[in-house]
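Trainee: Starting from the structure of chain A, add chains B, C and D where the hints point.
The lines below spell out each chain.
Number of protein chains: 4
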Amino acid sequence: MQNFILLLQCRDQKGIVARVSQFILEHGANIIAADQHTTDPEGGHFFMRVEFRADEKRYDLASLREDFTSVARQFDGAWNLYNKNDILRMGILVSEPDHCLIDLLYLWRSGELRVKIPFVVSNYEGHRGLAEQFKVPFYFIPANKLNRREEELLALVKDNSDFLVLARYMLVFSAKFLKQYGRDIINIHHGFLPSFKGADPYRQALDKGVKVIGATAHFVTDQLDEGPIISQQVEHVSHRDDYEALVRKGKNLEKLALSDAVRSYLDYRIIRHRDTTIVF
Amino acid sequence: MQNFILLLQCRDQKGIVARVSQFILEHGANIIAADQHTTDPEGGHFFMRVEFRADEKRYDLASLREDFTSVARQFDGAWNLYNKNDILRMGILVSEPDHCLIDLLYLWRSGELRVKIPFVVSNYEGHRGLAEQFKVPFYFIPANKLNRREEELLALVKDNSDFLVLARYMLVFSAKFLKQYGRDIINIHHGFLPSFKGADPYRQALDKGVKVIGATAHFVTDQLDEGPIISQQVEHVSHRDDYEALVRKGKNLEKLALSDAVRSYLDYRIIRHRDTTIVF
Amino acid sequence: MQNFILLLQCRDQKGIVARVSQFILEHGANIIAADQHTTDPEGGHFFMRVEFRADEKRYDLASLREDFTSVARQFDGAWNLYNKNDILRMGILVSEPDHCLIDLLYLWRSGELRVKIPFVVSNYEGHRGLAEQFKVPFYFIPANKLNRREEELLALVKDNSDFLVLARYMLVFSAKFLKQYGRDIINIHHGFLPSFKGADPYRQALDKGVKVIGATAHFVTDQLDEGPIISQQVEHVSHRDDYEALVRKGKNLEKLALSDAVRSYLDYRIIRHRDTTIVF
Amino acid sequence: MQNFILLLQCRDQKGIVARVSQFILEHGANIIAADQHTTDPEGGHFFMRVEFRADEKRYDLASLREDFTSVARQFDGAWNLYNKNDILRMGILVSEPDHCLIDLLYLWRSGELRVKIPFVVSNYEGHRGLAEQFKVPFYFIPANKLNRREEELLALVKDNSDFLVLARYMLVFSAKFLKQYGRDIINIHHGFLPSFKGADPYRQALDKGVKVIGATAHFVTDQLDEGPIISQQVEHVSHRDDYEALVRKGKNLEKLALSDAVRSYLDYRIIRHRDTTIVF
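Protein chains in written order, with numbering that gives the first Met the number 0: chain A, 0 to 279; chain B, 0 to 279; chain C, 0 to 279; chain D, 0 to 279.
The shape of chain A in the complex, shown without the other chains (with noise of 0.2 Å):
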């Protein structure tokens, strides 16, 4: 037995659950789990998450998508269909700080998080020793903000990854490498979005005088800080708390935000809408 994760989103319609579950049913396949949201009741966007188990010795994910296609025409609707077994590679970029790159490494090694990482890509040299302990390849470019080596990178990180993690990683990314690359990218950023957007957000945050400081998982877009959020977290501070101490605290929120962010996306949980996301 297999399991199968179907993504929907279309106008708002009569019929669409009983179609699609109808679709599921003639596959002889049961549904797991499914979520679903309204934007609006009346006349609003639909968006649909399921997961169903079927015997795969029957229905591969090609045939599927292939019956799928026509059910979709229906009701108008952008969708995809995912096998769970397939296991996705992930590619990871990061600058100096490590605390995000070995959490995700330590997970993945734990088998919290189910995924491939082909390569660990830093422009800091200091983590080819960590990355080796793990049996992860490691590459250095010396990227910075004078000569970013996007071209180098794309090379490296095109045709070898589904998705690609930045894992504190400093350097923003022109719109031409984003689209070249042509995949979804998840950022974490050290700072409570939109709040605190670019360089240093705890220091922000110190001169501010907040009370709360918090880590944003998001997709990226070619605006700094401003792709669809993912996930947030949050932790209060106060005036004890220094700059060395917001980021100790910080640092663990950007591990929960990041790790729960590529959690959801590896199971397939995430509609991305507009500037938002839809998380199941």
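By construction, these hints were calculated from the structure, which means they are not laboratory data.
Keep in mind that the hints are not guaranteed to be accurate.
No distinction is drawn between identical chains; accordingly, a pair holds when it is met within one copy or between any pair of copies.
Claimed, not checked - Here are the simulated DSS-like cross-link-like pairs (lysine-lysine), alpha carbons at most 25 Å apart as the crow flies:
#: 1; residue 1: 115; residue 2: 248
#: 2; residue 1: 13; residue 2: 83
#: 3; residue 1: 207; residue 2: 178
#: 4; residue 1: 175; residue 2: 56
#: 5; residue 1: 207; residue 2: 196
#: 6; residue 1: 248; residue 2: 83
#: 7; residue 1: 13; residue 2: 56
#: 8; residue 1: 83; residue 2: 207
#: 9; residue 1: 13; residue 2: 144
#: 10; residue 1: 175; residue 2: 157
#: 11; residue 1: 83; residue 2: 56
#: 12; residue 1: 83; residue 2: 144
#: 13; residue 1: 175; residue 2: 144
Mentor: Chains B, C and D only, in chain A's frame:
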């Protein structure tokens, strides 16, 4: 147009969602929201909540129920169908502490809780003025541990309420009373169950030196502080929080947990299962 | 016996605590609680709050203040001394939303906020009944964006209050008004500052698709939603939370943040420092 | 310059702070941070933590201790003085679960925990590689419920550590072992104490249907899961969280609670009082 809510539970099996959504489609209705849960993908138990919008001129609650009976029979399911427009009668019982009482009355008056409040019953006469301010009938029944006056109470609440809320009512009901009342009763316990059952949980928490306190809203059974949990709220405390501070912070947690539980109940989001709840 | 509270700030230097505690001992008093904070161990700024219990037959506030003047001069400090028994007059300004107003009134009546409430002023006449229920003088001043009626307001509040609370008052004050009033004003902003300043922060939060919402209590300055932050409260949200749900959850956060800020203020726990606060 | 930390507890009485701060001033030192707590303004117990910076050429720890002895005698206090530069030796004991172990090792290597780690002892040999990666001596002692090998363990840890951390060590120590070791032992319990003592607390939490789970770091006594609580962390859960999800969320809470407790311990922020802790 009218919203209906179906709650269904049965042994997990193929085709449930297809059949239910087909039923809804046949009645010309549109699914507004749907949640489901399966305890175990292999031979587990299935739970479902569906909210759908139908033309009430064509279908009323009674006819929908009649029509659904045969559907449910196929799956050997326990179910109920509700008309979201029907307003439930929530009876309130309360002893001297007034914070949950006033919170419920406020939420009701401000329209956040769509409910009727047929009565406030108390063994503390001092709440009369408050009830009158909110124009809710008030009954003083001087029950205490020696004489719980359950017959008097039952006569008052039996035909007059769809469910009861114990908004800090300090007396335990007998199994006989619970059986005779026969409907749901929601209690707020001022502690983090299953810790700190019984009397003065804040004193227990202080003596134990816990660093987090909580409040628990749960269904009442004939076991003290033991029924299925609906909502729990928690907050960090420290040695700086003395007994008064615990009580003050706890009051807020109690209000949050109880209003959250009542809101879920009024939206028909709660399904009881053994000694636990599914809260969609 | 009587409790006094000393708030002191000065350049950090040796011997401050020794001198202050010696002062307290000389007056036969016992320290009940003491907090201090230094921004930087090397040449930073020093903040202190001490609560001590003295025999008020022997020492009244005026004589203690006189005696402390020479102590403070040694350290070139800014300071104040308060008698904890003196009850502050908290004036409330509020527009149509009533949740913070009723929360403050309830906390006051239940004894949790030890304060006098000399008036509720509103540009919404509908609160008159509520104020009367709590036996608090109510004044309707039909201020709006075109005519903020600040002179009328000032005449009402100037000699009649020790500080003001804007319990969701929708109008911004002019710098002139703030200067003429000359005392502290605490505002509740229904957003997580510094995000979402200005109008309808819940709409902004929804459009941005944030996964956490917040509320911020802060001192009022002549910059809109920019004064020193006193308390912030946050809660996770998801795509399931529509605008109404954000408002509902937000109301609770607003009540929590505002009552927390007012409680700290009444306990003389807040020291302003540049654009931030130390809240002991 | 050198930072020292004084922990003091005694019966509350006048003049303690004055005398202690005078002592610090006499030694030419400056108070960096001070916290105090009184259980009851009338005849309670007094607790104090003071961190001060002194010239270590003039005063070393031994002479400061000698000088303070007579001060403490005045108040009949229990106290200790620490040199913040002295680095404690933290021995780690761990069974098969590795998440707390790797978190402690990571925090140590990244400089967040200023501590020596003289050994990792485990009854699971599989951790050897991890310990070696971090260049920490590893000892495999195949203890189990039938043979806890306490003598062997004691021989290893007795002269080699200043305190022990049980980073998910599954065996209970005998009172004899605790007495012979004679120093502090910090344990992480994977449940919200005092609920869910003993084995498999996540299973207990699942069966009980709680809506919040927790983890508790506490000092070890000879009562199972009963020592003074140092830190507790909590997170909301729902019916969607199956056993694996509880374990996963719980792991994070365990890491947070344990590292928080260790950090407080290393900063000499914890004073034990009866069965509770004051954590400044």
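Trainee: Compare the structure with each hint and give your call.
Mentor: For each hint, the structure was consulted:
no., hint, result
1, 115 with 248, "between (29 Å within a copy, 22 Å between copies)"
2, 13 with 83, "between (28 Å within a copy, 19 Å between copies)"
3, 207 with 178, "between (36 Å within a copy, 23 Å between copies)"
4, 175 with 56, "neither (42 Å within a copy, 57 Å between copies)"
5, 207 with 196, "both (13 Å within a copy, 14 Å between copies)"
6, 248 with 83, "between (34 Å within a copy, 22 Å between copies)"
7, 13 with 56, "between (33 Å within a copy, 18 Å between copies)"
8, 83 with 207, "neither (45 Å within a copy, 30 Å between copies)"
9, 13 with 144, "neither (52 Å within a copy, 46 Å between copies)"
10, 175 with 157, "within (13 Å within a copy, 60 Å between copies)"
11, 83 with 56, "within (15 Å within a copy, 44 Å between copies)"
12, 83 with 144, "neither (39 Å within a copy, 40 Å between copies)"
13, 175 with 144, "within (16 Å within a copy, 47 Å between copies)"
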